[in-house]
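Protein chains: 4
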Amino acid sequence: MMMSVDDLTAFLAKEYPQLAESGDFVVDEVAPMSAKLRMRYDRRHLRPGGTISGPSMFTLADVGLYCAILGELGPVAMAVTTNLNINFLRMPGQRDLVAVCRLHKLGKRLAVGEASLVQAGPDGRETLVAHATATYSIPPRSSSGGAVI
Amino acid sequence: MMMSVDDLTAFLAKEYPQLAESGDFVVDEVAPMSAKLRMRYDRRHLRPGGTISGPSMFTLADVGLYCAILGELGPVAMAVTTNLNINFLRMPGQRDLVAVCRLHKLGKRLAVGEASLVQAGPDGRETLVAHATATYSIPPRSSSGGAVI
Amino acid sequence: MMMSVDDLTAFLAKEYPQLAESGDFVVDEVAPMSAKLRMRYDRRHLRPGGTISGPSMFTLADVGLYCAILGELGPVAMAVTTNLNINFLRMPGQRDLVAVCRLHKLGKRLAVGEASLVQAGPDGRETLVAHATATYSIPPRSSSGGAVI
Amino acid sequence: MMMSVDDLTAFLAKEYPQLAESGDFVVDEVAPMSAKLRMRYDRRHLRPGGTISGPSMFTLADVGLYCAILGELGPVAMAVTTNLNINFLRMPGQRDLVAVCRLHKLGKRLAVGEASLVQAGPDGRETLVAHATATYSIPPRSSSGGAVI
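Residue numbers (our numbering), protein chains in the order written: chain U, 950 to 1098; chain W, 950 to 1098; chain F, 950 to 1098; chain Y, 950 to 1098.
Take these hints with a grain of salt, some might be off.
If several chains are the same, the list does not tell them apart, and a pair holds so long as it fits within one copy or across any two.
What the hints assert, rightly or not - In silico lysine to any residue, SDA-like type, Cα no more than 25 Å apart, as pairs:
#1 K963 with G1042
#2 K1057 with L1022
#3 K1057 with E970
#4 K1057 with T1030
Note that these hints are calculated values from the structure, not bench results.
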């Protein structure tokens, strides 16, 4: 991998200080074409009815997929989200929520992936709470692998 | 309309205290099958590069469409977002961003609409920054128009 | 399962005579919350450049997910597609294309699922050619399991 | 415009012979960042229940938006659909269906647009039957405007 869990954690802390300050977003794993990002349960993410808010879930899916791209391309890449489609399937419980992210394609210009937002229940079984697919525009890179600026 | 701009403002203040406290989200207009929601420019919504964050734009589109539904159905309806698809088209500037929302369909079970996120430039011309379509599940209502609980 | 591969094949032949007459669409598998539908390679599905057309891929994903729903609910259900989002990832080759379909949710009113459109290469390795997620509206059913008409 | 209605009609006849042979798809209009494509009512597009099939509507939206792009860029551009999201809103009647297409963005690498699929009723009023948004990848062009091959 171009970036480890520690590299990604440090990168997010610098690039997304608001996420990092909250301490709620934790990089659990990075692997070829994939990543896992955890959102620790906190009252801030709640919306009426005691459920986790849509924007918090959007953020988790989007940043999780961004981590999967960074793991492949390294920190120079400033990928930009161009499309995100999210289906909200079940009311999440008041527990940690994990984005299991997998890239379908990492092309020269576009990356496409899916994020399954899952929660572990009291019995340890995982429930799919929401599912997103997203497309990212990859900036042109020089032949040495660095971003062209 | 079942709810006026003032009704919607009071409703959001009660139901979404975090949005309301910020003072950033302002209901500009509600009309048949449509609504306009404004996000006042504030440093909080920024992400690296000085642009407005994706989650803030998601929230603006989602809450704006929710206002259009509430305007038609009244405050009893607890519509739930089931799908939201958003295209990010241009980097927004550091200015107010307005969601111009229009319902395509308001059925018994599903509502579908689109939100155009626009900014007025220094010359007054509007630029389309992002565009979302979303589906909401409408809870069953009694024949008298009230929600069945 | 409420319907077997043979049941589904007979159902599609009756309900979608155009698909069935072509002989191109074959139900490979039905299992809990899932199904596999194969589109045999045929010149008719080509578009300029020798690739399989977008509408053919749309049909494969849509009918494949419909089979997964029918397998769970039985032939009385007239589920209707309300939303379909498809990402085209790679040019398909001139070979069979299989929709591997999985339901994320089968609720009382909505079903949501994903279809991975894959091709086996000459070396047997599978390539993901396109990926779709879709939502279906489920008609009200009587308590005995039959559709309410 | 780089291409007129007649240019587009001739282009589609050559590039999409199957569409053209049917005689069902008619370019009604091309204008800056927009186009209208009509699908003449024909029994072939029907699905069970006497309604127009989803794949036919997919095709109408996709080809209509492609026409809007061709009108701007000319026939050299081989734009490729990368994402299409479609909401089916109402059962279409057994009448012509028109895709009113508008580009939201025509960038160097990506084009994004929306297609409203409408039908004129017996009273002349238009009904929105389906709504799609789609993204196209634009191939690199030489500085003289021609496609780089």
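Here is what the structure says about each hint:
no., hint, result
1, K963 with G1042, "between (30 Å within a copy, 22 Å between copies)"
2, K1057 with L1022, "both (11 Å within a copy, 22 Å between copies)"
3, K1057 with E970, "neither (33 Å within a copy, 37 Å between copies)"
4, K1057 with T1030, "both (15 Å within a copy, 16 Å between copies)"
When each numbered hint is compared with the structure, a violation occurs for hint 3 only.
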